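Asks: Work out the full structure, taking the sequences as your base and the hints as a guide.
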Amino acid sequence: MKTAAVLTVAILANSFGNVFLTMGMREINPASAPDASWLRHTAAHVVTNPWMIAGVLLLIVFLSAYLAALSWADLSFVLPATAPAYILSAILAHYFLNESISPLRWAGTSFIVVGTCLVAQSGRSKRTITTEERSKP
Amino acid sequence: MTHLFMLLAVVLAGAVGDVCVARAMKRVGELTSFRLAAIMRFGWSAALNGYLWLGILWKAVAFFCLLALLERAELSWVVPATAVSFVVELAAARFFLHESVNATRWAGALCIGAGVAIISW
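Line by line, the protein sequences give chains A and B. 8 is the number of the first residue of the first sequence in our numbering; add one for each residue after it. -13 is the number of the first residue of the second sequence in our numbering; add one for each residue after it.
Please note: incorrect hints may appear among the correct ones.
What the hints assert, rightly or not - Listed below are the simulated SDA-like cross-link pairs for lysine to any residue, each with C-alpha atoms no more than 20 Å apart in a straight line:
| hint | chain 1 | residue 1 | chain 2 | residue 2 |
| --- | --- | --- | --- | --- |
| 1 | B | LYS45 | A | SER71 |
| 2 | B | LYS45 | A | VAL68 |
| 3 | B | LYS45 | B | ALA93 |
| 4 | B | LYS12 | B | MET26 |
| 5 | B | LYS45 | A | TYR73 |
| 6 | B | LYS45 | A | LEU70 |
For the record, the hints were derived by calculation from the structure and aren't laboratory data. Remember, predicted model here, so these are calculated numbers, not experimental data.
Replies: Spelled out as structure tokens, the structure:
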């Protein structure tokens, strides 16, 4: 239960954090070449724009929740469990940023979710943890 | 094409940052007590480690590359595309750290690579 709650917080914070950062970045002038003046401008923007501040705070929440989950659960469980964030990001990008997600992009995103689950599988043979153990603190 | 280069910068700078931070934390050692004094000592010895600051610098580079990418590419492409970092890390683990990587993980990396290719079409 604790694990489910923490991972839900991680997924939501990560997805909304990215949406907020995108909203914040689109409020700056139309994309210019990322040179020294861009860097100064963007660095100032990160600490003054409400969207950017909210985005950074949410990414800090995500990192804390992710690290907390890793402190008691295996990466081979945490990584696939947070993979739905890819799907949620696409949904949020559609509703909040008006991005149209083509069927091809959904297909590619699904491949990536499956791939993430497979990449995480290797650790399991070394140390097996039952579901009950995992859900208990 | 520019987007792919920027994505590569995000992924590589992030990976180098991870390696530096991991190296720093290995040197500092495990945090064994959660008393305030112990946490302060731990933080102080971490702050004295050069690799930690190098790692933070690379992480900052990755963050600003990500912001530049978000400014010009679609979020629904950027987020899944950053999963290519798993492929880079797997290849690094196999070829630089000489870890053994089983077939399931290679299949996963192939799946992610195919997914990134499809969304970048």
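Asks: Does SER71/A sit within 20 Å of LYS45/B, going by the straight-line distance between their CA atoms?
Replies: OK: LYS45/B and SER71/A at ~16 Å, within 20 Å.
Asks: Is the Cα-Cα distance between LYS45/B and ALA93/B 20 Å or less?
Replies: violated, 28 Å
Asks: Decide if the proposed pair is consistent with the structure: LYS45/B and LEU70/A, CA atoms, cutoff 20 Å inclusive.
Replies: holds, 13 Å
Asks: When you check the alpha-carbon spacing of LYS45/B and TYR73/A, does it fall within 20 Å?
Replies: holds, 17 Å
Asks: Under the criterion that the straight-line Cα-Cα distance not exceed 20 Å, is the pair LYS12/B, MET26/B satisfied?
Replies: Roughly 17 Å between the alpha carbons, so the hint for LYS12/B and MET26/B holds.
Asks: Does the alpha-carbon distance linking LYS45/B and VAL68/A stay inside the 20 Å limit?
Replies: Holds. LYS45/B to VAL68/A sits at ~17 Å (cutoff 20 Å).
Consistency note: the structure conflicts with earlier hint 3 alone.
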